[in-house]
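**Student:** Chains as they are written, first to last, in my numbering: chain W, 1 to 73; chain V, 1 to 383.
Be careful, since some hints might not be right.
What the hints assert, rightly or not - With a straight-line cut-off of 27 Å between C-alpha atoms, the simulated BS3-like cross-links for lysine-lysine are:
#1 Lys-37(W) <-> Lys-129(V)
#2 Lys-25(W) <-> Lys-263(V)
#3 Lys-139(V) <-> Lys-86(V)
#4 Lys-112(V) <-> Lys-65(W)
#5 Lys-62(W) <-> Lys-167(V)
#6 Lys-56(V) <-> Lys-25(W)
#7 Lys-112(V) <-> Lys-48(W)
#8 Lys-112(V) <-> Lys-167(V)
#9 Lys-276(V) <-> Lys-286(V)
#10 Lys-263(V) <-> Lys-286(V)
#11 Lys-133(V) <-> Lys-114(V)
#12 Lys-276(V) <-> Lys-62(W)
#13 Lys-167(V) <-> Lys-304(V)
#14 Lys-42(V) <-> Lys-65(W)
#15 Lys-25(W) <-> Lys-377(V)
#16 Lys-129(V) <-> Lys-65(W)
To be verified - Here's a subset of chain V near chain W, in silico, CB distances under 8 Å, partners left out:
#17 Phe-48
#18 Asn-59
#19 Arg-105
#20 Glu-108
#21 Gly-348
#22 Phe-350
Treat the hints as calculated values from the structure; they're not laboratory data. Where a beta carbon is used, it is the ideal one built from N, C-alpha and C, also for glycine.
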Amino acid sequence: MKGKEIIIVFRSTHDAIKAKNLLGKEGIPFEVIPTPKEISAECGISLKIEEPLKSQALQILKSWKVRYRDDLL
Amino acid sequence: MIYFDNAATSFPKPEEVIAAMKDYFFHVGGNTGRSAHQAALKASEIVFETREVLAKLFNISDSSRIVFTKNATEALNFAIYGFLEKGDQVITTSLEHNSVMRPLRHLEIIGKIKLFIVSANDKGIIEPKDFEKILKREKIKLVVVNHASNVTGTIAPIKEIARTAHKYGSTILIDAAQTAGVVNIDVNEDEIDMLAFTGHKSLFGPQGTGGLYIREGIELEPLIRGGTGSNSEEEIQPDFLPDKLESGTPNTIGIAGLGAGVKYVLRKGISEIHQKEAELTECFIKEAEKIERVILYGPRETTKRVAVVSFNITGLTPSEVAYILDQEFGIACRPGLHCAPAAHKTIGTFPQGTVRFSFGYFNNISEIETGIKALHKISRRCV
Ligand SMILES: Cc1ncc(COP(=O)(O)O)c(C=O)c1O
């Protein structure tokens, strides 16, 4: 991945996996990364996506009620 | 061996259950939610997937409302102790397993709750109107109902009971230990607020698996607090599901097996499984009725029951019968009180209990015939 990227942080591992599956199904590229310590110590895994895909990705997560940390974006 | 003890735990398990567990040990490893490496991630995916297939089975829209427990007993304890507060009033039935009765009696004895018992008739049938009589005059916080008795096999009219409970602002907890996987359960259609299930019976999972569904809006106080892999900077328990009620490393290998068991049930279909078990039960009852000195309990109609049949042979104790069946005929079944003394009081078989045959999807007609022949022989022998 190149260009600006964002990290989506989740409350529960359940939501991180749910998000990963949903984005995968919708063909949005992502990378699973350990949640960076300086961001938060929410659940252990986070998703990194390209900035231009942010609104599309969040739209999907919202419609499936995935609990991510909006305040950390 | 002929295995007629499926109500205690199902045997055998579908091959894919064993394969899924083997695969976890050989190829996955890892602790869900605790790290981001491949093995941990794979473990998290397995746990997620099992939650999703369970949600599909029970028509639960958000699988995060299901928490894993080690069995139905733990799920029922989570629900009962996590929900009730001092001064609450509760209704339950005379067909409850001790996994419901003992926690409720405990809360009653320590003076925390008041308990009302709705009695079934001697066939093990309970009437929704008996709940209404109490709900009308008392403020009831929780109604706890066994979906199918592990003694009489009777299926309770949970939808009607739930409707009645909701009409009076009460909450309903269903013990689906004997029905999950063999009777259709739809948490919306059946208006279920909390559903406790076990993994090792008709869901074909291994022992040590089970779970609790909690409708959105219900908050349970956790009985166990600890590490969840989330919110690690916090020294207080997370307040969101499933983490709130799932502290400590889960039984991931068991959950892998349970997921495969649920997929097996979904593939075969509940109605196909129920149909087959009902046929076996019908065949057994039809022949057993004809045997002199055999007394059958529960309703005659097989549509109103799961594949659990209690009986006695006059002149013999249940454990004598079970012992002969095991030693001479290689038939495994369960004698006694089946952890449900109240149910045996209801049908008049306390304290000696009954012999219980419980059939499963993997039994066949010829095994039933062998069982019938054995009962004929035992009945003729000792007069
Ligand atoms: C009606 C009923 N409730 C609860 C249980 C408890 O299940 P488990 O032993 O898996 O906790 C059982 C089975 O033993 C049962 O038959």
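**Student:** Are the hints correct? Go through all of them and say.
**Tutor:** Checked hints:
{"no.": "1", "hint": "Lys-37(W) <-> Lys-129(V)", "verdict": "violated (57 Å)"}
{"no.": "2", "hint": "Lys-25(W) <-> Lys-263(V)", "verdict": "holds (21 Å)"}
{"no.": "3", "hint": "Lys-139(V) <-> Lys-86(V)", "verdict": "holds (13 Å)"}
{"no.": "4", "hint": "Lys-112(V) <-> Lys-65(W)", "verdict": "violated (37 Å)"}
{"no.": "5", "hint": "Lys-62(W) <-> Lys-167(V)", "verdict": "violated (33 Å)"}
{"no.": "6", "hint": "Lys-56(V) <-> Lys-25(W)", "verdict": "holds (18 Å)"}
{"no.": "7", "hint": "Lys-112(V) <-> Lys-48(W)", "verdict": "violated (50 Å)"}
{"no.": "8", "hint": "Lys-112(V) <-> Lys-167(V)", "verdict": "holds (25 Å)"}
{"no.": "9", "hint": "Lys-276(V) <-> Lys-286(V)", "verdict": "holds (15 Å)"}
{"no.": "10", "hint": "Lys-263(V) <-> Lys-286(V)", "verdict": "violated (33 Å)"}
{"no.": "11", "hint": "Lys-133(V) <-> Lys-114(V)", "verdict": "holds (16 Å)"}
{"no.": "12", "hint": "Lys-276(V) <-> Lys-62(W)", "verdict": "violated (43 Å)"}
{"no.": "13", "hint": "Lys-167(V) <-> Lys-304(V)", "verdict": "holds (25 Å)"}
{"no.": "14", "hint": "Lys-42(V) <-> Lys-65(W)", "verdict": "holds (22 Å)"}
{"no.": "15", "hint": "Lys-25(W) <-> Lys-377(V)", "verdict": "violated (61 Å)"}
{"no.": "16", "hint": "Lys-129(V) <-> Lys-65(W)", "verdict": "violated (39 Å)"}
{"no.": "17", "hint": "Phe-48", "verdict": "holds (4 Å)"}
{"no.": "18", "hint": "Asn-59", "verdict": "violated (16 Å)"}
{"no.": "19", "hint": "Arg-105", "verdict": "violated (35 Å)"}
{"no.": "20", "hint": "Glu-108", "verdict": "violated (35 Å)"}
{"no.": "21", "hint": "Gly-348", "verdict": "violated (47 Å)"}
{"no.": "22", "hint": "Phe-350", "verdict": "violated (44 Å)"}
Hint violations for this structure: numbers 1, 4, 5, 7, 10, 12, 15, 16, 18, 19, 20, 21, 22, all remaining hints satisfied.
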